[in-house]
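Chemist: One letter stands for each residue in the lines below.
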Amino acid sequence: MRLTGAQALIKSLEMEGVETVFGLPGGAILPVYDPLLESPIRHILVRHEQGAGHAAEGFAQATGRPGVAIVTSGPAATNIVTAVADAYVDSIPIVVITGQVATTSIGTDAFQETDTTGITMSVTKHNWLITQARDIPRVIAEAFHVATTGRPGPVVVDLPKDVANDTMEWYWPRRLDLPGYQPTVKGHPKMIEQAAALIASAARPVIYAGGGLIRGDASNELRTLVDRAGIPVVTTLMARGVLPDSHPLCLGMPGMHGNFTAVTALQEADLVIALGARFDDRVTGKVDAFAPKARVIHVDIDPAELGKVRRPDVPIVGDVKSVIPEIVRLLPSERRDISAWLTQLNAWREQYPYSYEPAEAGAAIKPQYVVERISALAPVDTIVVSGVGQHQMWASQYFRFESPNTWINSGGLGTMGFAVPAAIGAKAGRPLSTVWVIDGDGCFQMTAQELVTATAERIPIKVAILNNGYLGMVRQWQEMFYEERYSEVFLSPDLPDYVKWAEAMGAVGFRVDQGSEVDPVIEKANQIDDRPVVIDFRVDTFEKVYPMVPAGAPNDDIVLPPHQIRGR
Amino acid sequence: MAERSSNLVPIGSIRPHVGGRHHILSVLVENRAGVLARVSLLFSRRGYNIYSLAVAPTDDERFSRLTIVVDVESVPLEQITKQLHKLINVIKITEIDPADALEYECMLATINAEAGARSKVMELVEIFHGEIIDVSLDRLTVVFALSPEKLDDVEAFLAEFGVIELQRTGRIALSKLPKPARRPKKGKIS
Ligand SMILES: Cc1ncc(C[n+]2csc(CCOP(=O)(O)OP(=O)(O)O)c2C)c(N)n1
Ligand SMILES: [Mg+2]
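These protein sequences, in sequence, are chains A and B. Under the numbering used here, the first residue of the first sequence carries the number 15, and numbering increases by one thereafter. Under the numbering used here, the first residue of the second sequence carries the number 158, and numbering increases by one thereafter.
Hints listed in this document are in silico derivations from the structure and should not be mistaken for laboratory results. There could be a bad hint or two in this list.
Claimed, not checked - Example chain B residues on the side facing chain A (calculated, C-beta under 10 Å, incomplete):
no. : residue
1   : Leu185
2   : Glu187
3   : Ala190
4   : Gly191
5   : Arg195
6   : Leu198
7   : Ser201
8   : Arg219
9   : His242
10  : Lys243
11  : Asn246
12  : Lys249
Stated by the list, open to error - Computed Cβ-Cβ distance ranges for the label pairs, DEER-style:
no. : chain 1 : residue 1 : chain 2 : residue 2 : range
13  : A       : Asn179    : B       : Ala213    : 32 to 38 Å
14  : A       : Gly566    : B       : His286    : 55 to 61 Å
15  : A       : Ser136    : B       : Thr251    : 21 to 27 Å
16  : B       : Ser276    : A       : Pro193    : 52 to 58 Å
17  : B       : Leu198    : A       : Ala567    : 32 to 38 Å
18  : B       : Leu198    : A       : Phe495    : 33 to 39 Å
19  : B       : Leu198    : A       : Pro258    : 38 to 44 Å
20  : A       : Pro445    : B       : Thr251    : 50 to 56 Å
21  : B       : Ala213    : A       : Thr118    : 27 to 33 Å
22  : B       : Glu317    : A       : Gly566    : 50 to 56 Å
23  : B       : Ala256    : A       : Gly78     : 47 to 53 Å
Stated by the list, open to error - Covered by chain B, according to a simulated footprint, are these stretches of chain A (three or more residues, beta-carbon under 8 Å):
no. : stretch
24  : 128–140
25  : 185–195
26  : 308–318
Beta carbons are placed, not taken as given, at the ideal position from N, Cα and C, and that holds for glycine.
Looking at chain A on its own, in the form it has when it is part of the complex (with noise of 0.2 Å):
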């Protein structure tokens, strides 16, 4: 069967299974449009392609799944490629396909010609530029062989418009041939039998439960070896949900902005079980002073990790969803009481739970009250996509998180505008599931003109702006770090009017001001189906997030919200 290079490229999205695409033609992808009209893959129309690179990762993050983007070249390549790098950062499987000019143009600086491959090369798992015909079953299926094994990650196709005009015989390849790619994923038995060897033998151990639980689809794995071993979990930014929050040993997230007792439990530990998590330094605080009792287990697919901030004292190559049960197998039946440890924790809970002074009657809204209200009120199977900043904090902080895939964020990248579109991807991947946007004024002005392809296509996602006009984040570094020398941080909570915006764009809006106003308008939204929705939550502006441990200072240094060290 003769097929062009674009018709190739949409069998083979096929093939891959491809549903759902998000992306904007244009001059060099042109040819690809067009066999796209008779493929049953539905096309979403982003407003700009950095949405359509965000959307690709809600949509992985949501489903498990890869996602895919198709975007022109030059410009539209560059626009894709802070989303790229957002995936690159917190391992998210997307297929990103880039037009490029003629391969006999390459290199003369032709209209909307960029180095995309140069461009994404140190931000991508892998990039190809295609630059035969024939060469484009074979690429797609390493494409997304490469993103979605191992440590999953983007990868970028570029593929030349002569390319995809030419004509090829068409294939599927049964084998794939990637000699420099074998990603380990049984871990080593004799570093497995030592990990449960002194996992049986801690005193005070902790699982530091990492994103690569949820990447690599482990969480029911890691609720076995928490039920047997009986054993505290920290779940970080990038892993809440793993454990659910109402699980007893869950501790909640530590670093930066995490809990009193998730930080110090880390702090004090004799024994870290570091699975899925690369030692983040929004984690570690200083490095040198992170843990400093504990020796670790590292378990991580990707060997580079190891070793890599923190030298593991039993270090594991693996998948942790192979790897985990391994550990359960091993682990003897005598194990050391822990209770005293358990008793500590528990006291910690109890004292210094997240904690905020409510509003005064009369007083501008907490923001943390609009989360816990959205998190009373979500349905069953909500997923949560929050942007960058103070909301993110508190989105992480205070909504209850019951299972894996329902947090959706950029950890470690922290993409302002990254919420709204990649909350569009997730709902196109779970139309069934309610989508909350929990997300900064700032970060919605960056990325709102998806609501416009939200509306178009069908994708009703609510959104919640925690409007306190300000760059929050920023402006509670300067007021804590910078003498309160507020430096280009004001916003404005009225420019612009994000109700008329809302509506302007097809979209419901609301406006609450009032904490009475909170709940019914979160029940208003939630009934609503059959458009996006958008809250402008007026919310106080002097609000800080807390518990702190400042950047580069060790996590004992933790700070605490006022009125709790007051009520120290």
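Fit chain B with the ligands to the supplied structure of chain A, relying on the hints for placement.
Modeler: Coordinates of chain B with the ligands only, in the frame set by chain A:
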């Protein structure tokens, strides 16, 4: 990458600081477009310095071999090799212990050699097993293939004549072969 081509740099400063910090990585890669860019980008992105780099195809046309000399402590070296391994086109990395390596490098140099200096140059070429490969009335171009340390010596000698142009290739290396254990000597003379 260290700059080696200028003859204006005093000899001392272009000598490699090859104490304990010098490592040789022999990297087998797939022969695909952009491989070299991927490897060198990885070094710069992770903040490592390539001291020298030699690239050539292998006997199997699907693969090329890079010989990379890095100067780092051994801990980041582990990071480098692990990160290199993650590149899809990297097949195999062998670290060659400098103490256990046969290192070679090639050098081309054009030097001043007026009639009076010529015999001295020829003597030098002979001692170091080089070759004179081009001649003009007042200049000679010579080639040497030696261990990098010997090459440094040659370079220093050549500087005495006045170097017009000099180019080194960067090192290539192989591990030394295992030797049979030495038998204890009996009294007999063989
Ligand atoms: C693209 C981008 N630019 C700048 C920043 C730096 N930054 C981090 S948080 C933040 C403020 C976000 O403001 P807003 O969305 O209103 O959230 P808030 O902190 O007020 O909740 C900024 C500017 C960033 N993370 N991403
Ligand atoms: Mg704000």
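Chemist: Using 10 Å as the Cβ threshold, decide whether B:Gly191 counts as touching chain A.
Modeler: Constraint on B:Gly191 satisfied, holds at 6 Å.
Chemist: Lying within 32 to 38 Å: is that true of the beta-carbon distance B:Leu198 to A:Ala567?
Modeler: holds, 33 Å
Chemist: For the restraint on B:Lys243, tell me whether the closest CB of chain A is nearer than 10 Å.
Modeler: Given a least distance of 6 Å, the restraint on B:Lys243 holds.
Chemist: Please verify that hint: B:Asn246, Cβ, nearest Cβ of chain A, below 10 Å or not.
Modeler: holds, 5 Å
Chemist: Can the stretch 308–318 of chain A be counted as covered by chain B under the rule of three residues or more with Cβ-Cβ separation shorter than 8 Å?
Modeler: It holds, with 3 qualifying residues against the three required.
Chemist: Less than 10 Å between beta-carbons is the criterion; does B:Lys249 satisfy it with respect to chain A?
Modeler: Hint holds; B:Lys249 Cβ to chain A Cβ min 8 Å, cut 10 Å.
Chemist: Has the hinted range 38 to 44 Å been met by the Cβ atoms of B:Leu198 and A:Pro258?
Modeler: Cβ of B:Leu198 to Cβ of A:Pro258: about 42 Å, so the range 38 to 44 Å holds.
Chemist: Go ahead and decide if the range 52 to 58 Å is satisfied by the Cβ distance of B:Ser276 to A:Pro193.
Modeler: Since the Cβ atoms of B:Ser276 and A:Pro193 sit about 54 Å apart, the hinted range of 52 to 58 Å holds.
Chemist: Counting residues of the stretch 185–195 of chain A with a beta carbon closer than 8 Å to any beta carbon of chain B, are there 3 or more?
Modeler: holds (count 4)
Chemist: Under the criterion of a CB-CB separation shorter than 10 Å, is B:Ala190 in contact with chain A as hinted?
Modeler: holds, 7 Å
Chemist: Double-check B:Glu187 for me: the hint is only fine if its C-beta lies closer than 10 Å to a C-beta in chain A.
Modeler: Since the shortest Cβ distance to chain A is 6 Å, the answer is holds.
Chemist: B:Ala256 and A:Gly78, beta-carbon distance inside 47 to 53 Å?
Modeler: holds, 49 Å
Checked against the numbered hints given earlier, the structure satisfies every one of them.
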